[in-house]
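> The residues making up each chain are set out below.
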Amino acid sequence: MLSIKNLHASVEGKQILKGINLEIKAGEVHAIMGPNGSGKSTLSQVLAGNETFEVTEGDVTLNGDNLLELPTEARAREGVFLAFQYPVEIPGVSNLQFLRTAVNAMRKHQGKDDMNAAEFMKLAKEVSKQVDLDPAFLKRGVNEGFSGGEKKRNEIMQALLLQPKLAILDETDSGLDIDALKVVSDGVNALRAPDRAILMITHYQRLLDHIVPDYVHVLVDGKIIKSGGRELALELEAKGYGWLGVKDNTTASH
Amino acid sequence: MATTDKEVRELIKRDYEHGFVTEIESDTFEPGLNEDVIRRLSELKQEPEFMLEWRLKAYRRWLEMEEPDWAHVDYPKVKYNEISYYSAPKRPEDMPQSLDEVDPELLRTYEKLGIPLHERAKLAGVAVDAVFDSVSVVTTFKEPLEKAGVIFCPISEAVQKYPELVEKYLGSVVPAADNYFAALNSAVFSDGSFVYIPKGVRCPMELSTYFRINAANTGQFERTLIIADEGSYVSYLEGCTAPMRDENQLHAAVVELVLLKDAQIKYSTVQNWYPGDENGKGGIYNFVTKRAACIGDNSKVSWTQVETGSAVTWKYPSCILRGDNSVGEFYSVALTHNYQQADTGTKMIHLGKNTRSTVISKGISAGRSSNSYRGLIKFNPGAEGARNFTQCDSLLIGDRCGAHTFPYIESKNKSAIVEHEATTSKVSDEQMFLCRQRGINPEQAVSMIVNGFCKEVFKELPMEFAVEAGKLLEVSLEGSVG
Ligand SMILES: Nc1ncnc2c1ncn2[C@@H]1O[C@H](COP(=O)(O)OP(=O)(O)OP(=O)(O)O)[C@@H](O)[C@H]1O
Ligand SMILES: [Mg+2]
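Just so you know, the protein sequences line up as chains L and F, in that order.
Just remember that my numbering sits 2 ahead of the position in the first sequence, which is counted from 1.
Just remember that my numbering sits 395 ahead of the position in the second sequence, which is counted from 1.
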């Protein structure tokens, strides 16, 4: 489904991604781990089409289509979804209106009619319960004054509403309490489907207890230096990145 | 980051939707202004003697005055002798009495503007007094208004039919020599609306007027006078759009609201005049004097305005809170893009005891535009226990525009309380990226963000007007931002 070949990207003249290769098939869940500043968020932003980053080399295709030549919104409509590490606030715009606008943009692309306010309200309420967010959050401004954990649940709610083909989750587990971690994990597991791929970025192997990945990759200094199965995460947790010969003394432990 | 700017620039290029010119033959004065022109104008309008005298006096004062140059705007000098001071549709004596008699070309014009007059009027139960060029041509829903004793007619008609009311109140709020543009308007005002709501009457429907500038080189000098007698209520809606023009057009309107004891007026404006092209060429100069006088105790006036048009706007709807416990409110959204310049705000003059005022101003700047808020809150010695709350928010789109806030507070009463809040924010790249990542196109994203920013003002507008305002903002933004 997703194929990344030799991807290089830079920001403000600084090379961040230095040749990423990654193949993700439909139905698979991949986890990416790696030290702070190694380029994990950059990878997710580049895949989603953030123009702040410049792709200097390489190819990315989604189901054979060249993703890199599409603008952000077109990628989204093709099914690329990014749950942000730091969701931004949009004061004054209600979450409900934002979500409905997004869902209707998607439906329009799929040749479906707009959902009216009442229909959407019903759907949104159901989904908000699924991530254990009080429907009152629908009326508040997008992420406005949401706690860290609420923002993350709001991101998962959006993924559930938009039903993407490729869901990229950037540290959606960070800052969650134990109960919230369970809720978010359940949400992600609900997203697991044979026709969907999931790419999760995380620092904590404990997330992988809840959402068992098919593959784990270690990203260091803009490159994937090691890939393996579920057990690689456990090994990293026990030994830190130093074990892989990484000089940076940041470790995956908390 | 640079990309967002580029997007902004590209999206700015969409043409103004209402740019077209209606071909209706006009009976127009030769350009130029002198006492003879004023006499001819007054005679043509069959005005009583007092009106001509009043006009001439204003004209003589105007000659002595100097055009103000203190506002935070910049524009080429207007050549007053190159303006024609009267323009009317061809057959002024046999004016249409109903829509069927209206020139179909005019109706088509309204349709192009998205204002199917008859449908709108019926659906919304709105009485529409449509001002086309200088003469009012259509008035509907007169009957229920007459039943309630409400007078709603062109001011030219009021001058003839209700001279006592006009003589008593015209210029009572905005004196003829109040300022340069008001003086000019007083001398040459062409037409406009007149409203009188009798004692204790709640006007049975919202009153609405669509202003429109047409004929080339015709300065437009509208004059509106609304009198709310004791215990009465009226909601008045004003909307404007103008065709695309190469030459700048001057608009110097005067709106006076008079509120007696316990009266209430809600005055809402959605304004969409041609702002000029992307190089700042063309567009309307909008120099308007709008003022309300709460003469009676416990009266209340609200100005709500959504402004997206004009090349240059200079406008400060104001409230004189004379009656004890009277209330003045000002809710404003002003959007500027390309080379538009707006210098708007309000003046709240607290004279009576326990008078209260609220100012909510939302300024949105895009392109290379400049958007200034200028507000004066004044408490006179008698304004015991008076209060004001002012909130002034600016939103910037792109990084080549500007927002300025000039709040002035003058207090001569120690018991008066002022609260002032101001914020400036930007539509950030991160916000845009979030929206786009969710499949929302950039224009829609900006429109959504801007609408959210304006929410507090929109909720003050009458329902159908709020929908229109939202649409207008979207249209203006479609042509302006990303
Ligand atoms: N907009 C930007 N401008 C300048 N530098 C940037 C920008 N975005 C990212 N970087 C730099 O790129 C590098 C990679 O950042 P990135 O956010 O991808 O790291 P990460 O692996 O997600 O880290 P973390 O685990 O802390 O979230 C960092 O050195 C960061 O400072
Ligand atoms: Mg990160």
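Do not rely on the hints blindly, as some may be mistaken.
[As the list claims (entries may be wrong)] Dumping the calculated BS3-like pairs for lysine-lysine here, alpha-carbon to alpha-carbon at most 30 Å:
hint, chain 1, residue 1, chain 2, residue 2
1, L, Lys228, L, Lys20
2, F, Lys748, F, Lys854
3, L, Lys131, F, Lys676
4, F, Lys850, L, Lys110
5, F, Lys594, F, Lys563
6, F, Lys656, F, Lys594
7, L, Lys124, F, Lys854
8, L, Lys141, F, Lys854
9, F, Lys676, F, Lys472
10, F, Lys542, L, Lys141
11, F, Lys563, L, Lys141
12, F, Lys563, F, Lys656
13, F, Lys563, L, Lys124
14, F, Lys563, F, Lys676
15, L, Lys141, F, Lys748
16, F, Lys542, F, Lys563
17, F, Lys854, F, Lys656
18, F, Lys854, L, Lys127
19, F, Lys748, L, Lys110
20, F, Lys594, L, Lys16
21, F, Lys556, F, Lys676
22, F, Lys542, L, Lys127
Calculated directly from the structure, the hints in this document are not laboratory data.
No experiment lies behind these values; they were computed from the predicted model shown.
> Next step is simple, just say for each hint if it's right about the structure.
Outcome of the hint check:
Using a Cα cut-off of 30 Å, the hinted pair L:Lys228 and L:Lys20 holds, with the two alpha carbons roughly 15 Å apart. Our distance criterion of 30 Å between C-alpha atoms is met by F:Lys748 and F:Lys854, whose separation comes to about 29 Å. Using a Cα cut-off of 30 Å, the hinted pair L:Lys131 and F:Lys676 is violated, with the two alpha carbons roughly 54 Å apart. For the hint linking F:Lys850 to L:Lys110, the alpha-carbon distance of about 26 Å falls within 30 Å, and the restraint holds.
At roughly 17 Å between alpha-carbon atoms, F:Lys594 and F:Lys563 fall within 30 Å of each other, so this suggested pair holds. Straight-line distance between C-alpha atoms of F:Lys656 and F:Lys594 comes to about 10 Å, which keeps the hinted pair within the 30 Å bound. Of the supplied pair hints, the one linking L:Lys124 and F:Lys854 holds, its CA atoms being roughly 24 Å apart against a limit of 30 Å. At roughly 15 Å between alpha-carbon atoms, L:Lys141 and F:Lys854 fall within 30 Å of each other, so this suggested pair holds.
Under the criterion of a C-alpha separation no larger than 30 Å, the hint pairing F:Lys676 with F:Lys472 is consistent with the structure, at around 14 Å. Using a Cα cut-off of 30 Å, the hinted pair F:Lys542 and L:Lys141 is violated, with the two alpha carbons roughly 44 Å apart. This hinted pair does not check out: F:Lys563 and L:Lys141 have alpha carbons roughly 50 Å apart, beyond 30 Å. Restraint check for F:Lys563 and F:Lys656: satisfied, since their Cα atoms lie roughly 17 Å apart, inside the 30 Å limit.
Under the criterion of a C-alpha separation no larger than 30 Å, the hint pairing F:Lys563 with L:Lys124 is inconsistent with the structure, at around 58 Å. Of the supplied pair hints, the one linking F:Lys563 and F:Lys676 is violated, its CA atoms being roughly 42 Å apart against a limit of 30 Å. A threshold of 30 Å between alpha carbons decides the hint, and for L:Lys141 with F:Lys748 the separation of about 39 Å lies outside it, so the pair is violated. Our distance criterion of 30 Å between C-alpha atoms is met by F:Lys542 and F:Lys563, whose separation comes to about 24 Å.
For a cut-off of 30 Å, the pair hint linking F:Lys854 to F:Lys656 stands: about 26 Å separates their Cα positions. For the given pair, F:Lys854 sits about 25 Å from L:Lys127 by alpha-carbon distance, which is consistent with the 30 Å threshold. A hinted pair counts as satisfied when its Cα atoms are at most 30 Å apart, and F:Lys748 with L:Lys110 does not qualify at roughly 57 Å. At roughly 74 Å between alpha-carbon atoms, F:Lys594 and L:Lys16 are farther apart than 30 Å, so this suggested pair is violated.
Taking the CA atoms of F:Lys556 and F:Lys676, the gap is about 42 Å. The hint is violated against a cut of 30 Å. With a C-alpha separation of about 49 Å, the suggested pairing of F:Lys542 with L:Lys127 is violated against the 30 Å cut-off.
Of the numbered hints stated above, those contradicted by the structure are hints 3, 10, 11, 13, 14, 15, 19, 20, 21, 22, listed in ascending order.
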